[in-house]
Amino acid sequence: MDVLKKTKLPDIVVYSEDKISTKRLKNHIKYNWLYTVFSTLDRKETSFKKEAINYYFKKYIETDIKKYHCNNSLLYNVIEILAKNKNLLQIEIPIYPIVEHTEDDSTNQYLPQSCQKQYFQQKYNYLEHINGHNKEYYKKVLREKFNEE
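Residue -2 in the numbering used here is what sits at position 7 of the sequence shown, and the numbering runs on without skipping anything.
If you're looking for bench data, these hints aren't it; they were derived computationally from the structure. Just to be clear, a hint being listed does not mean it is correct.
Unchecked claim - Calculated cross-link-like contacts (lysine to any residue; reagent style SDA-like; alpha-carbon spacing at most 25 Å): (1) Lys130 with Ile20; (2) Lys57 with Lys35; (3) Lys49 with His92; (4) Lys40 with Lys130; (5) Lys50 with Ile89; (6) Lys40 with Glu83; (7) Lys126 with Pro85; (8) Lys21 with Ser64; (9) Lys41 with Asn68; (10) Lys49 with Glu94; (11) Lys77 with Leu65; (12) Lys21 with Thr93; (13) Lys136 with Lys49; (14) Lys35 with Asn62; (15) Lys49 with Ile11; (16) Lys77 with Glu139; (17) Lys75 with Phe137; (18) Lys50 with His92; (19) Lys57 with Ser12; (20) Lys58 with Asn138.
Stated by the list, open to error - Label-pair ranges, simulated between beta-carbon atoms: (21) Arg134 with Asp33: 38 to 44 Å; (22) Tyr117 with Lys50: 17 to 23 Å; (23) Arg34 with Asp9: 32 to 38 Å; (24) Lys57 with Thr13: 20 to 26 Å; (25) Asp96 with Tyr117: 34 to 40 Å; (26) Arg134 with Asp95: 16 to 22 Å; (27) Val4 with Leu80: 35 to 41 Å; (28) His124 with His19: 32 to 38 Å; (29) Lys77 with His124: 16 to 22 Å; (30) Arg15 with Ser97: 27 to 33 Å.
Think of the CB as a built atom: it goes at the ideal place given N, C-alpha and C, for glycine as much as any other residue.
With these hints in hand, go ahead and build the complete structure from the sequences.
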């Protein structure tokens, strides 16, 4: 949380009177920090993981969930972790229509369309990087379903 001190921000809670740039900065700090916390939780320590995910969800994410939008991979990574651990959440998260069916529908159903787009973008980027055989499928989905070139 050194960033908060350097930017002279008292906390990462977004207030209505915050400037747009301050809101963006706070959200970036918040979701970067949440991703770090969530991705380091041990899979074997289920009770602690459940407690931590529910605490941080309630404190930092719940107010965002109805208007959740993945305009970067960081936001996608956080919502993906929540979706994969939905059984640990003590609240309901919205279910969305699947844009394109994949083997990950059980996770993707909890992702808004912008996050599903990020799912396909990350798959495509990875396959493009390793020259994977299925990269054209992901490129086609991005182009046809999300109007990406």
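Verification of the supplied hints:
no.: 1; hint: Lys130 with Ile20; verdict: violated (31 Å)
no.: 2; hint: Lys57 with Lys35; verdict: violated (30 Å)
no.: 3; hint: Lys49 with His92; verdict: violated (30 Å)
no.: 4; hint: Lys40 with Lys130; verdict: violated (35 Å)
no.: 5; hint: Lys50 with Ile89; verdict: violated (28 Å)
no.: 6; hint: Lys40 with Glu83; verdict: holds (17 Å)
no.: 7; hint: Lys126 with Pro85; verdict: violated (29 Å)
no.: 8; hint: Lys21 with Ser64; verdict: holds (14 Å)
no.: 9; hint: Lys41 with Asn68; verdict: holds (18 Å)
no.: 10; hint: Lys49 with Glu94; verdict: violated (29 Å)
no.: 11; hint: Lys77 with Leu65; verdict: holds (18 Å)
no.: 12; hint: Lys21 with Thr93; verdict: violated (30 Å)
no.: 13; hint: Lys136 with Lys49; verdict: violated (33 Å)
no.: 14; hint: Lys35 with Asn62; verdict: violated (31 Å)
no.: 15; hint: Lys49 with Ile11; verdict: holds (23 Å)
no.: 16; hint: Lys77 with Glu139; verdict: violated (30 Å)
no.: 17; hint: Lys75 with Phe137; verdict: holds (23 Å)
no.: 18; hint: Lys50 with His92; verdict: violated (32 Å)
no.: 19; hint: Lys57 with Ser12; verdict: holds (22 Å)
no.: 20; hint: Lys58 with Asn138; verdict: holds (21 Å)
no.: 21; hint: Arg134 with Asp33: 38 to 44 Å; verdict: holds (39 Å)
no.: 22; hint: Tyr117 with Lys50: 17 to 23 Å; verdict: violated (32 Å)
no.: 23; hint: Arg34 with Asp9: 32 to 38 Å; verdict: holds (36 Å)
no.: 24; hint: Lys57 with Thr13: 20 to 26 Å; verdict: holds (22 Å)
no.: 25; hint: Asp96 with Tyr117: 34 to 40 Å; verdict: violated (19 Å)
no.: 26; hint: Arg134 with Asp95: 16 to 22 Å; verdict: holds (20 Å)
no.: 27; hint: Val4 with Leu80: 35 to 41 Å; verdict: violated (21 Å)
no.: 28; hint: His124 with His19: 32 to 38 Å; verdict: holds (35 Å)
no.: 29; hint: Lys77 with His124: 16 to 22 Å; verdict: violated (31 Å)
no.: 30; hint: Arg15 with Ser97: 27 to 33 Å; verdict: holds (32 Å)
The earlier numbered hints that this structure contradicts are 1, 2, 3, 4, 5, 7, 10, 12, 13, 14, 16, 18, 22, 25, 27, 29.
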